[in-house]
Amino acid sequence: MQRPFYFKICLVVVLFFGGSVLAKEDSHPVEESKGSLKEEIKEFIGHHLLDSHDFTLYTIDEEKNEHVGFPLPVILWDNGLKIFSSSKFHHGASVANVDGNYYALYHGKIVKTDAEGTINYDNHHHATNEKPLDFSITKNVVFILLVAILMFFMFTRMAKSYKNNPLPKGIGRLLEPVVLYIRDDIAIPNIGKKHYKRYMSYLLTVFFFIWIINLLGLTPLGVNVTNNIAVTLALALLTYLITTFTANKNYWKHIFWMPDVPVFMKVVLAPIELLGTIIKPFSLMIRLYANITAGHVVLMSILGMMFIFKNWIGSPLSFGLAFALSLLELLVAALQAYIFTMLSALYFGSAVEEHHDH
Amino acid sequence: MDKLIEQFSFGLFFWQLFLFIGLLLLLRKFAWKPILNAVEDRESGIQDALQAAENAKKEMQNLQADNDKLLKEARAEREAMLKEAREIKDKMISDSKEQAKVEADKMIQQAQAVIEGEKKAAVADIKNQVANLSVEIAEKVIKEQLSNKDQQLKLVDDMLGDIKLN
Chain A
0 MQRPFYFKIC LVVVLFFGGS VLAKEDSHPV EESKGSLKEE IKEFIGHHLL
50 DSHDFTLYTI DEEKNEHVGF PLPVILWDNG LKIFSSSKFH HGASVANVDG
100 NYYALYHGKI VKTDAEGTIN YDNHHHATNE KPLDFSITKN VVFILLVAIL
150 MFFMFTRMAK SYKNNPLPKG IGRLLEPVVL YIRDDIAIPN IGKKHYKRYM
200 SYLLTVFFFI WIINLLGLTP LGVNVTNNIA VTLALALLTY LITTFTANKN
250 YWKHIFWMPD VPVFMKVVLA PIELLGTIIK PFSLMIRLYA NITAGHVVLM
300 SILGMMFIFK NWIGSPLSFG LAFALSLLEL LVAALQAYIF TMLSALYFGS
350 AVEEHHDH
Chain B
0 MDKLIEQFSF GLFFWQLFLF IGLLLLLRKF AWKPILNAVE DRESGIQDAL
50 QAAENAKKEM QNLQADNDKL LKEARAEREA MLKEAREIKD KMISDSKEQA
100 KVEADKMIQQ AQAVIEGEKK AAVADIKNQV ANLSVEIAEK VIKEQLSNKD
150 QQLKLVDDML GDIKLN
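In order, the protein sequences belong to chains A and B.
The opening residue of the first sequence carries number 0 in numbering that gives the first Met the number 0; numbering runs sequentially from there.
The opening residue of the second sequence carries number 0 in numbering that gives the first Met the number 0; numbering runs sequentially from there.
If you're looking for bench data, these hints aren't it; they were derived computationally from the structure.
Any given hint could be a false lead.
Stated by the list, open to error - Listed next, the stretches of chain A that the computed footprint assigns to chain B, with coverage defined by at least 3 CB atoms under 8 Å from CB atoms of chain B:
#1 130 to 138
#2 146 to 152
#3 173 to 181
#4 198 to 204
#5 232 to 245
The beta carbon of each residue, even a glycine, is placed where N, CA and C say it ideally should be.
Here chain A stands alone, though its shape is the one from the complex (with noise of 0.2 Å):
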């Protein structure tokens, strides 16, 4: 039963990435110098890591700016509402002309330019163009679109196998555990039988959105969500403001007025409480973005030293650390999960807290 599997999964591994390989060493004459390689992986992986205007599987000829994926829709809010698709930028090599406005793509960054696409800079190499608001759907919105859908129907599928069986069926018999995990041993004992009910919802959602959309992140799409900055601070955002807005008295009281100390460190201890608060979901924000962050780049670090080694021993070798890393990886993708929700619920739990003696 084992055998065959893996030795289809060995065969497709086989075909898809020798045949890149070949194909870069194709691309690639042997006389090119190993510091251009170099700068190469570093810019692929750090293009990569950015979000993106097209939804590009994947890149055939860089110089001919051949890419195999579709574009995706520009929302621009510019003086007014602008929808056009992001083919007119042609993957950022022309200047979209847009009702007399020009844009054009710098760093993944839809900037107003003119006619000629000219880019000024400051004195720190920043571009200094104006940036209208961008409200397009990049590949990461794309992908929270499929994620949220991909929830809506396994979470509405598990529900209703509840319906004339008390015991799940299908995807629910797999999720069941999940969800009992993340009541009972992160939701209960951080926030107490009795308030634990009003913040469930929210501890299922982000738990499963952040696993799925990491686990997705290291497919081969390679569409890392997490790792970017506004995903996580969306995220934390909503656990602070649920920490803030069903807080009861005594979280507050702490915080301004921290019972039982002398007068004086009530007033040195205030501010600092009231950072606190900000610090805590913040650390949620950084913590998730840069675990992902960091999983990303050494993986791709060591696929591109593939490319560097070139020989027998060193292309295998960093196979196996590939490998191993993607396990790490997928290990990673479920602990940032699990510590987002885990802190979420340690917050809500502070937040409700009752008063007891100290």
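Following the hints, complete the assembly by docking chain B onto the known chain A.
Positioned in the frame of chain A, the structure of chain B alone reads:
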């Protein structure tokens, strides 16, 4: 940090917030509430069932104890009844024996009395018959003897002699 702020995409932030809150609200209504309620119902159902089973077990034990008690009582009662019956039987037997004896005695006595009476009657009858016979015999004898004079006289003499003796 500089690069981080540079790369920050407000659009992505907006979409993430918007889509996530949408997902959260939809899932809360259509998934989490039904799922958690179903799981809770199931758990309370299991709890109730376990409690019921425990209660039933206790009741069963009580019932068993009651049964044992009843059985013991019944056995004791049976023993007592048997004993009583045996006593009654013994008493009845002895009573009837006594009664029978009394009755038999009485019957024997009656029989004896009857026998006595019969005997007496028979004896009296025999006496009468003997007397009649005697008288007849005596008549015949006397008639024969009185046929001659001498003998009549002799008889008178004898008789007189007897009377004297008497």
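Status of each hint after checking the structure:
1. Counting residues of the segment 130 to 138 of chain A whose beta carbon lies closer than 8 Å to any beta carbon of chain B gives 6, which meets the minimum of three for the stated coverage.
2. As drawn, the segment 146 to 152 of chain A meets chain B at 3 residues by the rule of a beta-carbon pair under 8 Å; at three or more, the given contact holds.
3. For the segment 173 to 181 of chain A, the stated coverage by chain B is satisfied: 3 residues place a CB nearer than 8 Å to a CB of that chain, which reaches the threshold of 3.
4. Closer than 8 Å: that is the beta-carbon criterion, and the segment 198 to 204 of chain A has 5 residues meeting it against chain B, so the requirement of 3 holds.
5. Closer than 8 Å: that is the beta-carbon criterion, and the segment 232 to 245 of chain A has 5 residues meeting it against chain B, so the requirement of 3 holds.
Hint compliance for this structure: every hint is met.
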